Amino acid sequence: MRVNRRPVEIGAVGVVLAVCGVVFTQPLLLFGAAGVGGWLIGHQRAFVSAVRATDRSLSVSIHPAEQRTTVGREVPVAVTVELDEPAPLPLRIEPQTPVAATISDYVPATLDAGETSTEFTYTVEFHVAGTHELRPLELTLTDTDGSFSETVERGSPVELVVNASGPTGIHVGQGAEDVANWYGDEDKQLAERGLDPQDIRAYVPGDVMKNIDWNVTARTGDLHVRQYGQESDRHAVVIIDQRPAMNVGPEGETKFAYAREFALALVGSADAAFDSLAIYGVDEEGIVSRTQSAVTGGGATSLHEALLRMTPQSTGERNTATRRYASPVGRQRVAGRLGSGDSSFEERLRPFFRLQHRELVSGEKNPIQLAIQREQAMVDDRLSVLIVTDDSDPRRVWDSVQFGTRVADDVSVFLTPHVLFAPDGLADLEAAYEAYRTFEEFRTELDRMRGVRAFEVAPSDRLRTVVESRRTQSQ
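Going by full-length UniProt numbering, the sequence shown opens with residue 1, and the numbers climb by one from there.
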């Protein structure tokens, strides 16, 4: 409680009266001093009682327009303050500025004595990515003559997730065509794992929503679910590439920026397909980080925070140009073209193309393989592997995907095409299209592997520019 100037002045008068009463032996002055002191104490007790009564009937709600936002984006916040009984004292209500944020577009609200509610809005803008809180309101109560005032904090903190300013217009698809379902056809994936639907039965409370058979439901008018033989929890591991190669592209629109933005969206919708999720960050040296959580509630928030903390290695450490890589299928195709000629050139090449593609068992596994192996050893549930990387090292991608198919139930790989991020990638559109076509051939070969789905993650405008340039040339 703060004592303002007026009671101090009145108290000073009381002290003077008391001193004079003692010095001049005047009881009347002593009675006057006692009266002043009694008035001050009574006034203070009445104020404290009014503050307690207000606090008991006070209700505060803070409602941001959205729970997730990005750095630099303004978020409107609506505030409501209500009392069960008319306010005995006037209130001044102000929001508190969160850490690393600014508040604007507001005028401090007041609730006059006798009123029961007030509403106001303000705007908050965060400058740093991460999880932030809207702090409780600051309420100041003052008595009617301004003698005493009290400031309290009321209201529950509200959590907001602030994402870094990222790229816009993200394309996720295959062959320049958007694909809505990143997780693939459930029946196809289950069939590949020997989990064919055993029965279709009526829905009962507790059944998993993703197992609802909407075709049967539409025909019968009642909810029906597909029942599988080896039903268990489904766990996914998402591996984010943080090598220097992922740091290529315009500022704020690098491969890594697109990869992380896609991963954030993936986490936001993962509850439709998975029960739990682990996120790994890997770079040239090995595993950088691991975060595991359920995909709902606070678990999704911790996964978002883990993604926001990730940063790629700086460029310049390795050559980030895309390497040409012949897959086993491609090498066999070339070997076939060599025929059975006896020229010294063919004889020299043929042994190389006869080599079977194999993982470098004699050496160490690459970091993506290590992450898959580590996660497979830690879980007993059905395991899905999702790899988010680029095409700068096709051999590394191929080895990782092939290794994943041996230890996981299914593998999805999301590739950022180097040509769409390189500084001069679109300078020559014809060359850019040829580079994209090479990428698409590689992605298609990955997609043909059993239990694998391969996608591209790219800037939709740059991809459109490359594809449409080819159409224009062919006309």
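Worth flagging that the hints you see were computed from the coordinates, not collected in a lab.
For clarity, every value in this text was computed on a predicted model and none was experimentally measured.
The C-beta atom is built at its ideal place from N, Cα and C for all residues, glycine as well.
Please note that the accuracy of each hint is not assured.
Said to hold, decoys possible - Per label pair, the in silico range of CB-to-CB distance:
{"no.": "1", "residue 1": "80", "residue 2": "159", "range": "17 to 27 Å"}
{"no.": "2", "residue 1": "49", "residue 2": "80", "range": "23 to 33 Å"}
{"no.": "3", "residue 1": "268", "residue 2": "45", "range": "16 to 26 Å"}
{"no.": "4", "residue 1": "428", "residue 2": "73", "range": "32 to 42 Å"}
{"no.": "5", "residue 1": "117", "residue 2": "373", "range": "23 to 33 Å"}
{"no.": "6", "residue 1": "426", "residue 2": "71", "range": "44 to 54 Å"}
{"no.": "7", "residue 1": "80", "residue 2": "471", "range": "37 to 47 Å"}
{"no.": "8", "residue 1": "250", "residue 2": "153", "range": "39 to 49 Å"}
{"no.": "9", "residue 1": "427", "residue 2": "309", "range": "28 to 38 Å"}
Said to hold, decoys possible - List of simulated lysine to aspartate or glutamate pairs, DMTMM-like, C-alpha gap at most 20 Å:
{"no.": "10", "residue 1": "365", "residue 2": "399"}
{"no.": "11", "residue 1": "365", "residue 2": "283"}
{"no.": "12", "residue 1": "365", "residue 2": "271"}
{"no.": "13", "residue 1": "365", "residue 2": "251"}
Item to check | Distance restraint evaluation - residue 268, residue 45, Cβ atoms, bounds 16 to 26 Å | outcome: Roughly 54 Å apart at Cβ, these two residues miss the hinted range, so it is violated.
Checklist entry - Between residue 365 and residue 399, does the CA-CA distance stay at or below 20 Å? => result This hinted pair holds, its Cα atoms lying about 9 Å apart.
Checklist entry - Lying within 32 to 42 Å: is that true of the beta-carbon distance residue 428 to residue 73? => result Since the Cβ atoms of residue 428 and residue 73 sit about 37 Å apart, the hinted range of 32 to 42 Å holds.
Next on the checklist: Given the hinted pair residue 365 and residue 251, is their Cα-Cα distance within 20 Å?
Outcome noted: violated, 32 Å
Next on the checklist: A range of 39 to 49 Å was offered for this pair. Does it hold for the Cβ distance of residue 250 and residue 153?
Outcome noted: holds, 44 Å
Checklist entry - Is the Cα-Cα distance between residue 365 and residue 271 20 Å or less? => result Violated, at about 31 Å.
Next on the checklist: Holds or violated: the 17 to 27 Å window for the beta-carbon distance between residue 80 and residue 159?
Outcome noted: holds, 19 Å
Next on the checklist: Tell me if the beta carbons of residue 49 and residue 80 are separated by a distance inside 23 to 33 Å.
Outcome noted: holds, 26 Å
Item to check | Outcome for the supplied range 37 to 47 Å, where the beta carbon pair is residue 80 and residue 471 | outcome: Since the Cβ atoms of residue 80 and residue 471 sit about 55 Å apart, the hinted range of 37 to 47 Å is violated.
Item to check | Distance restraint evaluation - residue 117, residue 373, Cβ atoms, bounds 23 to 33 Å | outcome: Taking Cβ atoms as reference, residue 117 and residue 373 lie about 60 Å apart, which means the hint is violated.
Checklist entry - residue 365 and residue 283: Cα distance at most 20 Å? => result Holds, because 13 Å separates the two Cα atoms, which is no more than 20 Å.
Item to check | Distance restraint evaluation - residue 427, residue 309, Cβ atoms, bounds 28 to 38 Å | outcome: holds, 35 Å
In this structure, the earlier hints numbered 3, 5, 6, 7, 12 and 13 are contradicted, and the remaining ones agree with it.
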